[in-house]
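Chains A and B are the protein sequences, given in the same order.
With the first letter of the first sequence counted as 1, position 18 gets the number 347 in the numbering used here; the numbers rise by one all the way through.
With the first letter of the second sequence counted as 1, position 4 gets the number 333 in the numbering used here; the numbers rise by one all the way through.
Hints should not be assumed to be uniformly reliable.
Just so you know, same-sequence chains aren't split out, so a pair can sit in one copy or run between any two.
[Claimed, not checked] Heads up, simulated SDA-like pairs for lysine to any residue below, C-alpha to C-alpha not over 25 Å straight-line:
1) K399 x A428
2) K365 x S434
3) K379 x S434
4) K365 x A428
5) K379 x E424
6) K379 x A428
7) K399 x Q435
8) K379 x D332
9) K365 x P344
10) K379 x Y415
No lab work stands behind these hints, which were simulated from the structure alone.
Protein chains: 2
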Amino acid sequence: MPDPLSTTLAALADPTRRAILARLSEGEATVNELAKPFEISLPAVSRHLKVLERAGLISRSREAQWRPCKLQAQNLRAVDDWLSFYRRFWDESFERMAAYINELSQGDGDERTKKRR
Amino acid sequence: MPDPLSTTLAALADPTRRAILARLSEGEATVNELAKPFEISLPAVSRHLKVLERAGLISRSREAQWRPCKLQAQNLRAVDDWLSFYRRFWDESFERMAAYINELSQGDGDERTKKRR
Chain A
330 MPDPLSTTLA
340 ALADPTRRAI
350 LARLSEGEAT
360 VNELAKPFEI
370 SLPAVSRHLK
380 VLERAGLISR
390 SREAQWRPCK
400 LQAQNLRAVD
410 DWLSFYRRFW
420 DESFERMAAY
430 INELSQGDGD
440 ERTKKRR
Chain B
330 MPDPLSTTLA
340 ALADPTRRAI
350 LARLSEGEAT
360 VNELAKPFEI
370 SLPAVSRHLK
380 VLERAGLISR
390 SREAQWRPCK
400 LQAQNLRAVD
410 DWLSFYRRFW
420 DESFERMAAY
430 INELSQGDGD
440 ERTKKRR
């Protein structure tokens with residue numbers, strides 16, 4: 330059994346499943362409604378929904394016959410928590426790059442001043 | 330060929346690979362150094378490193394014979410960008426829960442006041 334974070338990340342590692350989550354961010358939807366924009370069969374959509382449900386990223390109503398799907402975004406929070414540790418690394422590299430560009434443009438400015446002299 | 334974001338997410342969907350990234354966040358390391366804390370073979374670690382390298386999450390020096398691995402955290406930014414759209418959903422549900430708890434505790438206070446009377 331993979332750990333919950335691995336299950337969530339594996340469920341997200343598919344463009345169709347991410348598109349399904351994006352559609353559900355606008356509100357509940359049935360399997361038929363979810364299948365419409367995709368060129369895949371209903372059983373294929375159902376399989377994707379099962380993966381998302383197992384990862385706790387969507388829930389399906391047991392009551393209504395059409396069993397609408399609903400986004401459960403709370404589980405994405407674990408991904409965000411994991412990611413937050415690494416945020417400083419790309420912030421740092423962004424700052425280094427900004428400092429480098431700044432340095433270059435200042436150097437460029439000096440060149441121009443020299444030419445003008 | 331999966332899209333870059335799917336490749337990154339699939340690479341992250343493994344606890345050993347996430348542990349390798351955590352180790353590399355402390356600095357460069359060789360395959361031998363990376364393999365030490367895990368109860369898996371060197372070839373297994375090498376396979377994990379290949380997955381991480383393909384996802385652009387690590388780079389390996391071509392120069393040194395021991396080819397140290399280095400964290401490339403910038404690619405995690407795409408995951409963060411994707412996630413940022415969904416942040417409002419768990420923020421909202423957290424706020425709703427906080428409001429509900431607040432409501433409950435106020436109700437509880439009223440009950441106690443009634444009993445005291």
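Now the hints, each set against the structure:
1. K399 x A428: Classified as between; 22 Å across copies, 45 Å inside a copy.
2. K365 x S434: neither (51 Å within a copy, 45 Å between copies)
3. K379 x S434: Neither: 53 Å inside a chain and 37 Å across chains, both beyond 25 Å.
4. K365 x A428: neither (48 Å within a copy, 37 Å between copies)
5. K379 x E424: neither (42 Å within a copy, 28 Å between copies)
6. K379 x A428: Neither, since 47 Å and 32 Å both go past 25 Å.
7. K399 x Q435: Neither, since 53 Å and 30 Å both go past 25 Å.
8. K379 x D332: Cα proximity of K379 and D332: in one copy and across copies (17 Å, 22 Å).
9. K365 x P344: within (15 Å within a copy, 35 Å between copies)
10. K379 x Y415: between (30 Å within a copy, 20 Å between copies)
Consistency note: the structure conflicts with the earlier hints numbered 2, 3, 4, 5, 6, 7.
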